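Undergrad: Given next are the chains, with one letter for each unit.
2 protein chains.
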Amino acid sequence: MDPTRSILLTDLYQLTMLQAYFAEGMEEPAAFELFARALPRDRGFYVAAGLEQLIELLEQARFTSEELDWLRGTGRFRSDFVDWLADWRFTGDVDALPEGTVCFPDEPLVRVVAPIPEAQLVESRLINIVHFQTLIASKAARSVLAAPGRLLVDFGMRRAHGAEAALYAARASYIAGFAGSSTVLADMRWGIPSFGTMAHSFIEAHARESDAFEQFARAQPGNVVLLVDTYDTEAGAETVAAIAPRLAEAGIRIKAVRLDSGDLAEHARRVRAILDGAGLPSVGIFASGGLDEHDLAELVAHGAPVDGFGVGTRLDTSADAPYLDCAYKIQEYAGLPRRKRSEGKASWPGRKQVYRHRDDTGRFAGDRLTLASDPAEGEPLLVPAMRAGRRVGPAEGLDAIRARCADQLAHLPEGVKRLRDPEPYPVEVSRSLHALATEIDRRPH
Amino acid sequence: MDPTRSILLTDLYQLTMLQAYFAEGMEEPAAFELFARALPRDRGFYVAAGLEQLIELLEQARFTSEELDWLRGTGRFRSDFVDWLADWRFTGDVDALPEGTVCFPDEPLVRVVAPIPEAQLVESRLINIVHFQTLIASKAARSVLAAPGRLLVDFGMRRAHGAEAALYAARASYIAGFAGSSTVLADMRWGIPSFGTMAHSFIEAHARESDAFEQFARAQPGNVVLLVDTYDTEAGAETVAAIAPRLAEAGIRIKAVRLDSGDLAEHARRVRAILDGAGLPSVGIFASGGLDEHDLAELVAHGAPVDGFGVGTRLDTSADAPYLDCAYKIQEYAGLPRRKRSEGKASWPGRKQVYRHRDDTGRFAGDRLTLASDPAEGEPLLVPAMRAGRRVGPAEGLDAIRARCADQLAHLPEGVKRLRDPEPYPVEVSRSLHALATEIDRRPH
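Chains as they are written, first to last, in this note's numbering: chain A, 3 to 447; chain B, 3 to 447.
No wet-lab data here; the hints were simulated from the structure. Honestly, I wouldn't trust all of these hints.
The list treats identical chains as one, so a pair stands whether inside a single copy or across any two.
Said to hold, decoys possible - Once the Cα atoms are required to be at most 20 Å apart in a straight line, the calculated SDA-like pairs of lysine to any residue come out as: (1) Lys257 - Phe79; (2) Lys257 - Gln217; (3) Lys257 - Arg78; (4) Lys419 - Phe366; (5) Lys419 - Gly151; (6) Lys257 - Ala243; (7) Lys257 - Gly77; (8) Lys257 - Ile245.
Values in this document were obtained by computation on a predicted structure and should not be read as measured data.
Please construct the entire structure, taking both the sequences and the accompanying hints into account.
TA: In structure tokens, the structure reads:
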């Protein structure tokens, strides 16, 4: 059983609520929206991601006979309810921010309009997919901004939280502008360029570091990146310099060396000098080892001669902010707008739309959150993604999504992109939304 | 394609190293060990978890013909190497800490001894599985210690990092002593008790809160937990009190109310008073909403009348420490011990074993890290898990693992269990290990 495709990857309360809706015959259309609340500390924006996997999920979502049998066997559900689940399909509409769109608190990332038993059941997995990819795309964009022009590679698979997190982190960081990932399956599945070198164990398994380098180079002459810090970084670089002529005679070019520990700026300078001194100016320096966007910014600011970075654990876990405060909330049922009023968690009611305004140079100047039914103010940010349970148009290619993200980041005000203490981006809430919220608060309940 | 079962869920460098080992004919046995380095801030111990999924992975690991074709198509690998991968199987030995064992930095969680192309290839996914479950079991144990006797439920599925993280978090928190999870698939797959109530959307979809409560109760009379904070927590509790007699006439008992926002201690006291005043002392109070172990400890310390807690996002993401500093390192190749010496990352060489010493009362008094070949000092903590690629003995049941963890936590010194600034637990490194490290450092490389 593939857990990534099971409809029972959900919270039990979705099923208990569905049983109640079934018993009451409640199946009017509901509108739910997924949005994030406040930004994490030192974050200026989000990057929307994960919509493609959500669409794939909704198109194929159904209960298998094995799952239905299991539900029956729990004794928790009425038999006629389980029979009804056998025919459950997602037949609703989805509007969403295209992947790679920069967005802000309170702005819907996804809106689902469907009979309430459909819109409700998909909640848990919808959040699970879109939250995580948005989390990682938002985090990865910071490394992209911190190290412009450097080759960035996602190295985080091993400490990502499970299989799907590893795959999705590769995808989300690629969308944000990474050059690729070390995760092979992300290459096979989505064509995300895969990068890889050697581990310390490879060096240690050989009697001498120089043997390890030479054997590795001869085994994959097209991709020679040598890890030089297993014993002593500068000594490792000297060894590279010593074997380079022999390899060159065999037609093998050393592409780069990798540094993975110690003071990377200092080591990079010394290694650069060693390589240049040996007539190897074209051998690049790639750095890794517990890095995040702040480390990258510092290395770049100090002029460390590093051509590329492997960014791993702290990217794939979004270590400084491992979750976003997001929610999927009912905004309308049976034509009537709704609003949660729990302390500290009140949300804007109704189906919403976002319009982005630009200054004369094309730079983003501010967003307006309106009711979807308000008069349009230019191009709406939320666009149709599914109608009647089917995808609208062909799937977007990853490179188109990646290009969108790059364009969005290029038009974001500099202050909003700062890694520390970013400027807030203006998001205005329309008068119509304020008025609707006030009206709903007056309703009895 | 089920990504949780693909052998290509790995780092590219595993394949490039394997190609080099293949080219060199290197296939002597290697011993690798997975261990954690320093504990995260305010953490006193780890709880080992994930071994069962690792064994399942290693038993079934192989390249499918689709994967082999894809590898061939990349043009990156020699054709004879890809042919050789077709027969790749894991035929090695695994020794490990049984799941639920409390452990400490530098202690191996897993040791793999296998021909180097086998022990190497499994690295990335081995870490990915064992790291995450150990991370979550270690985090969940803190909630268990913080709220003794309370019903604890994992509510984190939606913000867990993808599908597998959600499933594994349910399993790891159950091992640590949680009563269960809201994740239905964890119940279907492993029999982990599932818990669930209702969402705010259910209340909002009804014209009146009281209708929502009553309809829900009638639809699942066996599991009536009512969420009272959608509009006003105390008013919600009054509504529960008002409908209880009508439900009682229909033979329906309200099991609990759930609070999800605001000052939970204060609301719990007021709601308790309302329920008691209405003659409903048996209706429990369940609290949720962004909680972690520190919130639980505070609520318990202040005597808040809360009978159970839903712990979600901050558990499933291990929000205060979303990763462990762990590594899978080669310790021996072809009979010769090995040691990485990278700055700040040096590790203990050789195959290791751990012995735990107890005081007169049975309490853990300290561990000793030794060479596996040293004379035994009592029961070793690492035990055989696989031999020649096959599981040793039957799979351990989850409840046995959970009981082990409870027993381990009960014997851990109180100071080590503190949620803030825990006492360090003594782990001594044997003289034989010190001597071996010194000897290796003298070797040329």
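Undergrad: State for each hint whether it applies.
TA: Do the hints match the structure? See the list:
Proximity of Lys257 and Phe79 under a CA criterion of 20 Å is satisfied inter-copy only: 18 Å between copies versus 62 Å inside one chain copy. Only within a single protomer do Lys257 and Gln217 lie at most 20 Å apart by alpha-carbon distance; the minimum there is 15 Å, versus 68 Å between protomers. In this homomeric assembly, Lys257 and Arg78 come within 20 Å of each other (Cα to Cα) only across copies, at 15 Å, whereas the closest approach inside a single copy is 61 Å. Taking identical chains as interchangeable, the C-alpha atoms of Lys419 and Phe366 lie at most 20 Å apart only when both belong to the same chain, with a minimum of 12 Å there against 50 Å between chains.
In this assembly of identical chains, the alpha carbons of Lys419 and Gly151 lie at most 20 Å apart only when taken from the same copy (16 Å versus 47 Å across copies). Only within a single protomer do Lys257 and Ala243 lie at most 20 Å apart by alpha-carbon distance; the minimum there is 12 Å, versus 73 Å between protomers. With identical chains, the CA atoms of Lys257 and Gly77 are at most 20 Å apart between copies only, with a shortest distance of 18 Å across copies and 62 Å within one. With identical chains, the CA atoms of Lys257 and Ile245 are at most 20 Å apart within one copy only, with a shortest distance of 13 Å there and 74 Å across copies.
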